[in-house]
Structures are given as structure tokens and as C-alpha cells.
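Asker: Sequence:
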Amino acid sequence: MQPLRGVTVVALEQAIAAPYASRQLADLGARVIKVERPGTGDFARAYDSRVRGLSSHFVWANRGKESLTLDIKDPRGKELLLRLIAGADVFLQNLAPGAAARAGLGAGELRARHPELIVCDVSGYGSPGPYAGRKAYDLLVQAEAGLLSVTGTPEEVAKAGIPVSDIAAGMYAYSSVLAALLERGRTGLGTHLDVSMLEATVEWMGFPLYYAYDGAEPPPRAGAAHATIHPYGPFTAGDGKTVLMAVQNEREWRGFCTVFLGRPELADHPHYATNADRDRHREALGALVAARFAELTSTEAIELLGAVPVANARVNTVAEVWGHPQLAARGRLHEVATPAGPVAALAPPGPSTATPRMDAVPALGEHTRTILGELGLSTEAVEALVAEGVA
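Under the working numbering, think of the first position of the sequence shown as 1, with each following residue one higher.
Rather than coming from a laboratory, the hints here were simulated on the basis of the structure.
Note that beta-carbon positions come from the ideal geometry of N, C-alpha and C, so glycine has one too.
Honestly, I wouldn't trust all of these hints.
[To be verified] Pairs of lysine-lysine residues, derived as DSS-like cross-links and limited to a Cα-Cα distance of at most 25 angstroms, are as follows:
(1) K135 - K73
(2) K78 - K159
(3) K159 - K135
[What the hints assert, rightly or not] Estimated spans, in silico, between C-beta atoms of each pair:
(4) R134 - E335: 47 to 55 angstroms
(5) R52 - G188: 40 to 48 angstroms
(6) R314 - R52: 53 to 61 angstroms
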């Protein structure tokens, strides 16, 4: 399924937020031309070398794109970029705050020339506002958005183990571009999209924000356990393996007491009869549940929880996820080409076609000569630009 075939995206992007958005567009069939610095490229290429010498971040966020190297500080490079944008449907950028506008690539200027163009700016804090000029990285935005304050243990805050703020901004940029393409199909006009990592992350903070509404106490940090629902979290079985389980309502609680704990009388105990009661007495109840888990192997515990039924999960390592039986059964693991050879990759969530579009991760500047040739430059002119470090 390639509903975006025929759509061209020019992406002046780096790090994760914007590249993750444009990768989603590429997965749906768009032609994504990734503009990178000659010689070094997107600095995420150098974050690590964990994937056969390539960056894990870069491989994840950049499949299906074409890499064009241009020095846009050189007038010749900037002119070539403007020519590319003139033929594009979407211009996506996440340069440092204000850099695009200073380079003559601001939304107002571009859309004055090309009213049909969709311009998507991804930044830490958006503009205007007192934070508009601030540099922003994922962990900093997690802090500003309050995510750190509700993540971790009672003793210490913790960041999420994935770049939540980058991903949130990337997904809102992606969905906003899709909506803008639909609107342009009706009106013929493009638009300006201003997606901030802060606003994307605060949107995802909805439950804690409202839990602490109007000055109320925020939810406590509870490690891997749920902050306000109990029992809902990890417990160690007798074989030392961790099982995560979740009681969501009173029907499940009664079944859990009878089938798993073997203590049906606890269902109506005044300390445990409702979730609010259980939350207030979570320490004592947690000790009871932990003692029962210690009597069982992890397999036995999962079988009993399933018999209630109560939702449960194994706490998998990252390595175990690559071999997850559900992903294998649904055929979600495929291969993509990279400059270092084929690597495994997860098919885009949603489409169920047998052959999703999952094109190669590009080498730096791999498509420079082809793309500049499409703009009408001769082979000699292109080679001169490459030799002079403009392309």
C-alpha cells in the first residue's frame, strides 16, 4: 500500500524528530529527498556504530529516503535547494531555532512563492514564545513537559528508555502532513505546520496532568508499577523471572483473589474492595501478591493469571523482542538494505500488505548525482560542485 506515491518531500532534517516523521511518509510511498551536509551528513549518522558499523538511530529513522548532499550556506547550494522545493509537495525541516528563516527558508517566504507547498517546521518549543530560541533535545523536553517528574522511583526521577519527545513530535508532524495533503486536495492550497516537541509531549501527559488538575497532588512515581491502579506492575516469580500483571476492574479483582491468590475473602476486605482502597493499602497488598508469586514459577503464574483472566506479560529483554513469537506469526519482521548489508526491520504498523515499502537506508550523498541531474545539471557541473564541496 503506497497511498503517497507521487508525493515529493524535501527534508532538511537531522537527529530524530523530523527524520522519524519523513520515514513514515516514505513508508507510505512518498519520495523523500533528505538534504545533508557534504562530508558529514546528518549528525545522527555518528551517534553510534551498533548496526554493522552504522548508527542505530540513523538506520531506524531513515530507510526509504534518497540522500542529497548540499552546502546551503553556499549560494549555489541554496539555489539548488530552492529549485528542489519548487517541485516538492512538502518541505520538512528541524534545523536549529531560526536557522531556516535566516537561510531564506521560512514558511512565509516559501509559501509566498509556492502557495500549494506544505511547510512543516519541527522544533523544541515552537514559535513565537519565550522558549522559541532555545535549543532542545529529547531529555530536556521530557523534563520541561513534566514527564521526568512522574517517571522513576519515589527516590529518583528517570527518563523514558526511548526518545519519547522526539517520537511524539515526529508522529504529530507525520499526521499533520497527511491532514494537510488531504486539505490541499480539496482547496489546492498548502499550509504551514509548526510542531513542537514540548506540545507533543505535554499532549501525551494527559492522564498525569488531569490527575493533578487544579492543584491536586500529582501521581506518585512508582517505578514499573502503575501509579494509581493496584495491583498493576511487576512481580518476581519463584524462578527469578519477572511477570507484569494488571487488575483493571472489580470483576478481575474478584477472579484474581479466587483463582490466583486462592483467597476469595480478600475480594471484599475493606482495605481492598475498590481500586481506591487497594491503592491506599498498596504496600500491604503488594506483599501478599509478591508472596504468592514467589510460590510459583513464571510459567505457572502466567497460566493462573490467564485462567482468571488477568492481563499479563513477560518482561522481555530487547534481544528477546527480535524473536517475539507474535511479531513472527504476523510476518512483521522484514529486511532493509543498508550500506553495510541487509538488516532486520519492523514493518510499518497498520498496513497488512505482504510487501510493505521498506526501501534502503541511504549512504551519505548516495543520490546526489541523480537528483542534481534531474534538475538539469550536466555531469560536468555536478562533478564540479562535488569537487568544490558544494554537493
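Asker: Take the hints in turn and mark each one as holding or not.
Answerer: Verification of the hints:
Only pairs whose Cα atoms come within 25 angstroms are accepted, and K135 paired with K73 is accepted, the gap being roughly 20 angstroms. Annotation: proposed proximity of K78 to K159 is violated, straight-line Cα distance about 38 angstroms (limit 25 angstroms). A threshold of 25 angstroms between alpha carbons decides the hint, and for K159 with K135 the separation of about 18 angstroms falls inside it, so the pair holds. In this structure the hint that R134 and E335 lie 47 to 55 angstroms apart at CB is violated, the actual value being about 40 angstroms.
Look at R52 against G188: about 46 angstroms separates their beta carbons, and that is inside 40 to 48 angstroms. At about 29 angstroms, the CB distance of R314 to R52 disagrees with the hint of 53 to 61 angstroms.
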